[in-house]
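This is what each chain is made of:
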Amino acid sequence: MTTVTAAPSRTHRTRPNVITHLFLGVLVVYFLVPIWFLIVASTKDAHGLFAGSAGALWFDKNFDLIGNLRDLFTFNDGIYLRWIGNSLLYALSGGVGATVLSVLAGYGFAKFRFRGRNLTFAILLGSVMVPLTALVIPTFIFLSQLGLTDTIWAVILPSLLSPFGVYLMRVYVAEAVPDELLDAARLDGAGELRTFFQVALPLMRPAVVTVLLLSIVGTWNNYFLPLAMLSNSNLYPITVGIGLWEGLASSNNGGGQSLWSLIIIGSLISIIPLIVAFLTLQKYWQNGLTLGSLK
Amino acid sequence: MTDAGTLPVENLGQNRRGSSVDHRSRRTSRERKHSLAGWLFIAPFGAVFVIFLVAPLAYALYLSLFTKGLATGTTFSGFGNYVKAFTDPSFLKGIWFVIRFSLVLIPVQMAVSLAAALVLDNVTSRFARFSRLMIFLPYAVPAVIGALMWGFLYSPSFGPLQQLFSLIGQKAPFLLSPTNIFGGLMNVVTWQWAGYYVIIIFAALQGIDPTIYEAAKIDGASTRQVAFRIKVPMISSALILILVFALIGTLQFFTEPQVLGPIANGTITPYFTPNIYAFNLAFTYAQFNYASAISFALGIVVFIGVYIFLFLTRKRGSFLS
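Chains as they are written, first to last, in our numbering: chain A, 61 to 355; chain B, 51 to 371.
Derived from the structure by calculation, the hints contain no laboratory data. There could be a bad hint or two in this list.
[What the hints assert, rightly or not] These stretches of chain A come out as covered by chain B in the derived footprint (C-beta under 8 Å, 3 or more residues):
1) 77-91
2) 95-106
3) 170-183
4) 215-226
5) 273-283
6) 331-343
[Claimed, not checked] FRET-style restraints, in silico, Cβ to Cβ:
7) A:Asp210 to B:Ala121: 27 to 37 Å
8) A:Gln205 to B:Thr334: 18 to 28 Å
9) B:Tyr357 to A:Leu261: 28 to 38 Å
10) A:Ile99 to B:Lys118: 44 to 54 Å
11) A:Arg130 to B:Phe232: 33 to 43 Å
12) A:Arg130 to B:Val282: 26 to 36 Å
13) A:Gln205 to B:Arg279: 50 to 60 Å
14) B:Gly233 to A:Val190: 27 to 37 Å
15) A:Ala250 to B:Phe232: 54 to 64 Å
16) A:Lys343 to B:Pro206: 41 to 51 Å
17) B:Pro320 to A:Phe123: 39 to 49 Å
18) A:Phe123 to B:Pro206: 22 to 32 Å
19) B:Gly233 to A:Asn122: 32 to 42 Å
[Claimed, not checked] Once the Cα atoms are required to be at most 25 Å apart in a straight line, the calculated DMTMM-like pairs of lysine to aspartate or glutamate come out as:
20) B:Lys267 to B:Asp138
21) A:Lys343 to B:Asp259
22) A:Lys343 to B:Glu264
23) B:Lys221 to A:Asp239
Just so it is clear, CB atoms sit at the ideal spot from N, CA and C, and this is done for glycine as well.
The following block holds chain B by itself, in its conformation from the complex (with noise of 0.2 Å):
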């Protein structure tokens, strides 16, 4: 099961070039017959796809470049709503805000899921396994839960801080006030996806053929150098992978601060992420032209960090080459 896994992704452009050529050479009606089953085989998620990707996608575009006034009624406004959403300090408050958070949690959830991965790679003992399998468990957790898990351990009334603050005489720190959210929030969405990460990470890491390290350890490779030099630069496709999907999901943060804000007492702003900002317009204030202006904004903001972040770190053959 795990050879396949280890199958290079690369492959597929290759077959995909191979492939091509023979088809060319003779267009017989059974293999015309051969391509309407391949379509035949793709229509029912391309229905889904067309209906609940493109069609929303469209209306919204279309909605966005519409303005709703209460004594003019509904005009097209062109770009408009977009040259209000990027001057709208609201706005660029959550999206500065999602970019300071992608820009400082994504590297410390990468440092604490590669060592716990790279760990777990060298140590065979049955802890290690108990280990994978804990770190692991709050990926079932729903982020819901796991964001009130934390909040109540927060909490000033219930939670175990004021306790142990109280052991050596201090007040606890509300790690929801304002000055403290951002750490506080970076350690829910760590203890949420770390361990996400860590499997991935050490699965890649066991695709890896035992024998290399052996020619490094002759050459006299510490365990380090055999790390950082071998394992990591095996793996960096998987890395980048994650990367991306972390960044991905950073830049739409939206259940965590959600969740916490009727306990965070005001901090959690009406705007505090994009996404947060969106869903009240819609469903708070009915702006619907402008929510989907916003939400259209954000997957620019996401889409030009995904390629800036793929570009910087391109590599030949690496996902989406």
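Chain A with its partners taken away, still in its complex shape (with noise of 0.2 Å):
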């Protein structure tokens, strides 16, 4: 790309356009819309909520977001702050576990030749159109016949099967790491598990690091499968405590007015870490998403 006859294109490429800038910015507002009607009724205390001076998408005179957020942390002895607690655990553990074993599965089927790999592999690509979600209830069946419903087990168990993360992690591993390499190590004495280890993995990592943040935010995102398993509020990760809240404000609307306030700031605080993470983490997840979605 570095050739003389590319430059053209790359001038046509940078010259400003207003309408396609137009278009960008309307698009902008759109996706942030919700996102700062959020930042600003957080702020907000109950009457500013329902009766603000300035409106739904402006500060009211009224500023208040310190005691949002102590009234958040304090109510129900601090149940909010379990919720983050429990989604921190569930996200951590499923996807890191979901991320282990899709490398391993992954180079498994990318660097080995077996008896049934083909049938093995057919399979699994058969599974990934098979509904996640259709799966829950039939899930959440087996689960209690073996007891573990209502467990923190129950959520980052099933959060472990990624066959969309084996796929990928074999599409990459197939490219990336080259065979030659590999005999090398093993013709030099290297084990299996050293050579996967010390040669396979550090060729590996920005594919780990998308498979590990796509596990991660799914786990994190998860509502059905948490929803379905648990019935113990103290157990559930931050999704289903806020649907909570809002089944009970929703309910009795008089009374439900102060926990509109704590779903809003709730909901704020909640989406904070992944944002962060996203906007830190994006020199990885720009390339990684693209892996087995190209041609």
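Put the complex together from the two separate chains, hints included.
The following block contains the structure:
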């Protein structure tokens, strides 16, 4: 791309264009409005929320962010923090576990020839198409037979399943880890495990980060699985917890007012960790998300 | 890093074929050890796959073949539950809704995402980079929170719609009423997912060799022609991949309507989508046999839908070819 012939296309690409920028501007506003609303609303007290002085999309004259935060973290003995902690636990253990399994299996599929490999990989690809939420109720019934529902395992263990992660790793390893390199390591006397950890794994790092990020986000955002599995509200992740508050707030319209404030500030706080993670890890996911989707 | 992504997926098949030839030529003890190592690398995932995918599905299939009656106890009913499901107006209404919803939502969502990605691919200003991040931001927001935020914005008591409409002396429409819910939900889902699709399409576009555009320019192609005659066809497999995921996701629609249910004044029925119906059958009515059958029936519909789609768009070397 450093050739001289490519130069004109570059200058064309950078030409500023009012209409395209206007289009992008509209998109940005659309995608930011709900988040802006959340930021503004989380600084209002209950009165400001329902009858604020400056409307729903601007700050009220009474700025009560600190009060709302205090309410949020003290409500019900600080159950909110507990939910955030649960979400972290589920997302990290589910995400890391799913990534480890995907990395191992992807490497196995890409770099070993064994009887039944094509068949197993075909089954795996077919399972990418299995609707995972249609699997939630069968998994619930199955786990309840084992007495595992309403425990943290009921959320963590099913989150370890990531056929798409295996598929991504398989595609990546097949291209990025040359067979010659592995054979050289084996000829030098390295065992399979050592070859994997010292030769293959370092080359797989970009894909590992991507699969990790995707599985952590997937588990953090999951709602259906924990909603079905858990009935003890002390085990709820933040998504199910906020959903519980929403149900309470809308079922008693009068007394629900203060809960709405909690829901708003709680929603805002809960999206900050992932947004920060995405903004700081841009370099990784922007490249990584393309894995397996090209050509 | 990007060039690893640009390598074609269809190489998979070729690798496979090529390797099985030299595999057959010689089978030493070293190779048998090699084969065992391969299985061991796959074993941990394989165990999870069997326990959390194969076993629950098998068990649910088994359950779905039985019926629990108050007087009769649990009796084998064969495909009775499936016959019941596919003649159950509640289930059929839900299926009809998600099919209609997919048919409208997915083209709109794709058109918006493709347009945004093509624009982002053409402009390299700092604002364009900023826009790309902002458009992607909703992906980091859980669907529950996304749905709630839009629920707030739609809310007649503290949302901004009423203020906007009172400027022109009108009463704001309630976007979660039975007539408006379709559009209201479409907006939420588009907001939630469009950014993810934009990034995938954008990345695919960036993988195209720009000298191709150059050649087209010399032949007198306009920017528009380059976009629709070169760029779009070259990223068709990325488009098909995300269309498949969009289709699978939409047919299983659950979170957004479930979350908006409590504030929608009864618009979201207990059988609004098949997944909501199965959830309520299982957890409100404890009808696990029938709920299993509904889950399976939904799975069958999704499978058929995806295969019809892949058949219609079949293309050599695409995903799952």
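Going down the list of hints, with the structure as the test:
{"no.": "1", "hint": "77-91", "verdict": "holds (count 10)"}
{"no.": "2", "hint": "95-106", "verdict": "holds (count 4)"}
{"no.": "3", "hint": "170-183", "verdict": "holds (count 8)"}
{"no.": "4", "hint": "215-226", "verdict": "holds (count 6)"}
{"no.": "5", "hint": "273-283", "verdict": "holds (count 4)"}
{"no.": "6", "hint": "331-343", "verdict": "holds (count 7)"}
{"no.": "7", "hint": "A:Asp210 to B:Ala121: 27 to 37 Å", "verdict": "holds, 31 Å"}
{"no.": "8", "hint": "A:Gln205 to B:Thr334: 18 to 28 Å", "verdict": "holds, 20 Å"}
{"no.": "9", "hint": "B:Tyr357 to A:Leu261: 28 to 38 Å", "verdict": "holds, 37 Å"}
{"no.": "10", "hint": "A:Ile99 to B:Lys118: 44 to 54 Å", "verdict": "holds, 50 Å"}
{"no.": "11", "hint": "A:Arg130 to B:Phe232: 33 to 43 Å", "verdict": "holds, 41 Å"}
{"no.": "12", "hint": "A:Arg130 to B:Val282: 26 to 36 Å", "verdict": "violated, 53 Å"}
{"no.": "13", "hint": "A:Gln205 to B:Arg279: 50 to 60 Å", "verdict": "holds, 57 Å"}
{"no.": "14", "hint": "B:Gly233 to A:Val190: 27 to 37 Å", "verdict": "holds, 30 Å"}
{"no.": "15", "hint": "A:Ala250 to B:Phe232: 54 to 64 Å", "verdict": "holds, 60 Å"}
{"no.": "16", "hint": "A:Lys343 to B:Pro206: 41 to 51 Å", "verdict": "holds, 44 Å"}
{"no.": "17", "hint": "B:Pro320 to A:Phe123: 39 to 49 Å", "verdict": "holds, 42 Å"}
{"no.": "18", "hint": "A:Phe123 to B:Pro206: 22 to 32 Å", "verdict": "holds, 25 Å"}
{"no.": "19", "hint": "B:Gly233 to A:Asn122: 32 to 42 Å", "verdict": "holds, 35 Å"}
{"no.": "20", "hint": "B:Lys267 to B:Asp138", "verdict": "violated, 58 Å"}
{"no.": "21", "hint": "A:Lys343 to B:Asp259", "verdict": "holds, 21 Å"}
{"no.": "22", "hint": "A:Lys343 to B:Glu264", "verdict": "violated, 28 Å"}
{"no.": "23", "hint": "B:Lys221 to A:Asp239", "verdict": "violated, 68 Å"}
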